[in-house]
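S.K.: Here the protein sequences line up with chains X and D, keeping their order.
Just so we're aligned: 314 in our numbering is position 314 of the first sequence, and the numbers increase by one with no gaps anywhere.
Just so we're aligned: 175 in our numbering is position 175 of the second sequence, and the numbers increase by one with no gaps anywhere.
These are calculated hints, taken from the structure and not from any lab test.
Since this is a predicted model, take the numbers as computed values, not measurements.
Backbone N, C-alpha and C fix where the C-beta goes; we use that ideal spot for every residue, glycine too.
Just so you know, nobody snuck in bad clues.
Some chain X residues flagged as far from chain D (calculated, every beta-carbon gap over 12 Å):
#1 90
#2 133
#3 138
#4 219
#5 293
#6 299
#7 322
#8 323
#9 330
A few chain X residues facing chain D, derived, Cβ under 7 Å:
#10 383
#11 434
#12 463
Residues per chain are reported as follows:
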Amino acid sequence: MLRILFVGRFAALRTPVLATSLLVAGSSVLLAQARMVDTTPAAGTIAITGGKLLTITRGVIENGVVLIEGGKIAAVGTAASVKVPKGATVVDAKGMTVYPGLFDAETRLGLSEIGSDRTTNDTIETSEEIFPQMHVYDAFHAESEHIPITRYNGITNAIVAPAESDTIPGQDSLIQLAGRDRDSMLMVKDVALAMNFGEAPKRGARGEAAGPAGGRYPSTRMGEISQMRQALLDAQEYMARRADTSKKPAGEEGAAVPAGGRGGAGGSNFNLRNEALIPYLKGEKPVVLGAYDGHDVETAMAFAQEFHLKVVLSHLTRANDILDKVASYHVPVIVGPIYDLPGPNERYDAVYSVPGELAKRGVKVILASYNVSNSRNLPYSAGFAVAYGLPYDEAMKSITLNPAEVFGVADKLGSLDVGKIANVVIADGDPLDVRTSVKQVYINGVAIPMETRQTKLRDEYWPKK
Amino acid sequence: MSPSILRLAPASAIAGVFLFSLDMAAAQNSAVPADLVIKNATVMTASHGTIQHGSVWLHNGKIAGVGAMVSAPAGATVIDATGKYVTPGIIDPHSHSALGDDVNEATSPVTPSMMMIDAFDNRDKALYLALAGGVTSELLLHGSANMIGGQAVVIKNKFGLSKEEMLFPNAPRSIKFASGENPKRVYGTRNQLPSTRMGNFEVMRQAFEDAKVYRREWDSYNDKLAKGDKDAKPPHRDLKLDALADILRGKLLVQIHCYRSDEFLTEEAIAQEYGFKIRAFHHALEMYKVGGKIAADGTAIATFTDWYGGKYEMWDGIPWNAVMSMREGVRVALKSDSNDHIRRLNQEAGKMVHYGGATEDEAITMVTLNPAWIMGIDDKTGSLDLGKDGDVVIWNMDPLSTYARAEKVYIDGELFFDSSLPGFGTTHFSGVMHGSGFGAGEDDDDEQGVN
Numbered sequence: 001m002l003r004i005l006f007v008g009r010f011a012a013l014r015t016p017v018l019a020t021s022l023l024v025a026g027s028s029v030l031l032a033q034a035r036m037v038d039t040t041p042a043a044g045t046i047a048i049t050g051g052k053l054l055t056i057t058r059g060v061i062e063n064g065v066v067l068i069e070g071g072k073i074a075a076v077g078t079a080a081s082v083k084v085p086k087g088a089t090v091v092d093a094k095g096m097t098v099y100p101g102l103f104d105a106e107t108r109l110g111l112s113e114i115g116s117d118r119t120t121n122d123t124i125e126t127s128e129e130i131f132p133q134m135h136v137y138d139a140f141h142a143e144s145e146h147i148p149i150t151r152y153n154g155i156t157n158a159i160v161a162p163a164e165s166d167t168i169p170g171q172d173s174l175i176q177l178a179g180r181d182r183d184s185m186l187m188v189k190d191v192a193l194a195m196n197f198g199e200a201p202k203r204g205a206r207g208e209a210a211g212p213a214g215g216r217y218p219s220t221r222m223g224e225i226s227q228m229r230q231a232l233l234d235a236q237e238y239m240a241r242r243a244d245t246s247k248k249p250a251g252e253e254g255a256a257v258p259a260g261g262r263g264g265a266g267g268s269n270f271n272l273r274n275e276a277l278i279p280y281l282k283g284e285k286p287v288v289l290g291a292y293d294g295h296d297v298e299t300a301m302a303f304a305q306e307f308h309l310k311v312v313l314s315h316l317t318r319a320n321d322i323l324d325k326v327a328s329y330h331v332p333v334i335v336g337p338i339y340d341l342p343g344p345n346e347r348y349d350a351v352y353s354v355p356g357e358l359a360k361r362g363v364k365v366i367l368a369s370y371n372v373s374n375s376r377n378l379p380y381s382a383g384f385a386v387a388y389g390l391p392y393d394e395a396m397k398s399i400t401l402n403p404a405e406v407f408g409v410a411d412k413l414g415s416l417d418v419g420k421i422a423n424v425v426i427a428d429g430d431p432l433d434v435r436t437s438v439k440q441v442y443i444n445g446v447a448i449p450m451e452t453r454q455t456k457l458r459d460e461y462w463p464k465k
Numbered sequence: 001m002s003p004s005i006l007r008l009a010p011a012s013a014i015a016g017v018f019l020f021s022l023d024m025a026a027a028q029n030s031a032v033p034a035d036l037v038i039k040n041a042t043v044m045t046a047s048h049g050t051i052q053h054g055s056v057w058l059h060n061g062k063i064a065g066v067g068a069m070v071s072a073p074a075g076a077t078v079i080d081a082t083g084k085y086v087t088p089g090i091i092d093p094h095s096h097s098a099l100g101d102d103v104n105e106a107t108s109p110v111t112p113s114m115m116m117i118d119a120f121d122n123r124d125k126a127l128y129l130a131l132a133g134g135v136t137s138e139l140l141l142h143g144s145a146n147m148i149g150g151q152a153v154v155i156k157n158k159f160g161l162s163k164e165e166m167l168f169p170n171a172p173r174s175i176k177f178a179s180g181e182n183p184k185r186v187y188g189t190r191n192q193l194p195s196t197r198m199g200n201f202e203v204m205r206q207a208f209e210d211a212k213v214y215r216r217e218w219d220s221y222n223d224k225l226a227k228g229d230k231d232a233k234p235p236h237r238d239l240k241l242d243a244l245a246d247i248l249r250g251k252l253l254v255q256i257h258c259y260r261s262d263e264f265l266t267e268e269a270i271a272q273e274y275g276f277k278i279r280a281f282h283h284a285l286e287m288y289k290v291g292g293k294i295a296a297d298g299t300a301i302a303t304f305t306d307w308y309g310g311k312y313e314m315w316d317g318i319p320w321n322a323v324m325s326m327r328e329g330v331r332v333a334l335k336s337d338s339n340d341h342i343r344r345l346n347q348e349a350g351k352m353v354h355y356g357g358a359t360e361d362e363a364i365t366m367v368t369l370n371p372a373w374i375m376g377i378d379d380k381t382g383s384l385d386l387g388k389d390g391d392v393v394i395w396n397m398d399p400l401s402t403y404a405r406a407e408k409v410y411i412d413g414e415l416f417f418d419s420s421l422p423g424f425g426t427t428h429f430s431g432v433m434h435g436s437g438f439g440a441g442e443d444d445d446d447e448q449g450v451n
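Only chain X is shown next, with the shape it has when bound in the complex (with noise of 0.2 Å):
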């Protein structure tokens, strides 16, 4: 097991090797924009030697070569196997460990800036409870100042995910954690629709959609499915309605919109909110559905499959009994927070132990942060899974490939491939371990400035003693 051979080595393998060297290598003018950073890949080789690779998909490689070219992988292999090219810029990674940008599965990085100020989060719109015509990319900022935060410790992807307190808040974006621009750190715009179910989407429940005393419509569990069926019924009438009327004349259909959602002006029959809602009910996207406790869970699956959606779950911190049945879901499952609380009953480690015990039933199993400042932490969640027995290699994928198939980008993330886009991490011991330190990211192959505003203030106020 990889991770044995880390156990209380770590003084060992800190040796500053790294960093320094790596910024000589042509990215003096990155330095002053360690925000905004760009991304368009440069000619030539980078060539990473020596290091432990970890490549997910192919075992660890001890003093391995990575060759990044064109924003890509190039080759991985042992040093025996890869040619270091003349004129590569090479990086020495030896007593370095080397693996692929991680994937956090859930977060509202760019949504919300300081959590307490109102101005600065654009996190969940709760005037309606079902607007899957919302998109996160209206309102991501680029320019968080979570995100440099969050690629200092090696995270290289996101999802972008509006709050939970709707029963369908909206779509999601996978970002890059690093780019010139808003545009060019979107790399897919509607990547899946958030849906929720349970306590956090009722009115006048707690949280975001609290309302005045006695709430309103949906205020219970059965309203909130009842007026998701609604909407889902409404949006196949349209689907249906729209097949049929584009094989009509245009202007005979009037104004026979179906209900839901706020129709378009003018007695237009396009509706955003339908619309928004067709790739879901064509299964050619996924819902992420969000459920903490057992009988929830059971009830949404219920719901989702009453209408075949793609589904890949979504929390189930709190769904230990029915954890057999969720396998014969045959789903993959984003379980967490892993630092969630257990039930009245529940033993202690009973959440810890839920990555662990849908491994061992087959599940595909990802972690994610959920959150905005603490999404530098999510190889720490996976090393903790790892504590309460889920093994080490699928530790180490639930937070890169994993992610990366659930969300159809496995062809670009996820591993140490050739073809992949270069996404690369260099730390100087395990990447799941509190105490090791990331030395240098890359992101399309260029060395990110290990630059952050925090690093900044430490910096300015290292004592001088």
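Place chain D on chain X using the hints.
M.R.: Relative to the frame of chain X, chain D by itself:
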């Protein structure tokens, strides 16, 4: 029948000798053994480095020996901890666990007569979760809605015992102060004083001015009594002013919730003006900016490792704060302020190796001896030293690793948690745990922001 004293050395040296070695999984006897020896462990003492292949001997609940060899009697219960780590119990100097929804008496910005013991629920599940994370003592504090809050409870985390049995014997009294955004928001949104930082400190100064007068009246009365004046009339007894006067008399350890560097300076100036000491700034995210000055005042900090950004006064929080402040001479403790984080303070300490290059010994001290000092109990617990309470944790591996799990937790030499036991892993608890109230999760903390 004089007990023969054996020198206990690493297993290799005493192989084949005498003592019955108790299987770890079977060591669930809740009675306190007169002598307990944990041997062959990596022993992190928190006060004098780490001992490889070391032993810890507990005698009648106290630490009687720590080292490569200990002298324990032949009848001692022995636990072979080969490959495992032993540390002092983890100590959390900033918790609101087990106080239900009664954390803040947010009806006046000065409430020093609030006694947190009156809200303490010893069956709260949060205590169990902390115990399973190796936490043996906690400082249960009033919230931060008030400039001068209430008086804390210091507990030993003997989950399953009665409320009285969980109190830390003879622990000094602590009082919680706050500053900054929380008091001004709580009262400002009601259009009451304080609604600004000016208001915050005005409220505080006025309280101490009142306390000065009150203290003088009582001192004068007591003087008269001492001189035998039988006609002396006692002044009115006011609980709030009693507590404030005790602060001026230096009888309470002052624990201040405070984030911003300018406010540390103001708080120190006020403390100096009224003649009391500040024991610790809590949260203290900007201590790295003024660490040298505060170190000179002898004030410690109890800080988060890497929380920042939840509100504006947390915006300059950096994860290097603890180590930078330590390098400036500040005594640094890490704390949870959360029913979640309290479960893995050992990992939080591990982050200090990453953020700033603390040594492992320095890191472990931040969650054991230094918080004990903040609570005024460092003469009794917080390190593995002779004569201290037998508050000890056995970990499956280096506790600073992400992969570490607390396997056994001893308090006063008695086993209170054993992860190998079925069910909850507790040795003393039976019945029903109570749900956690305030601070049950990060969301609640963020929303209320006044803990």
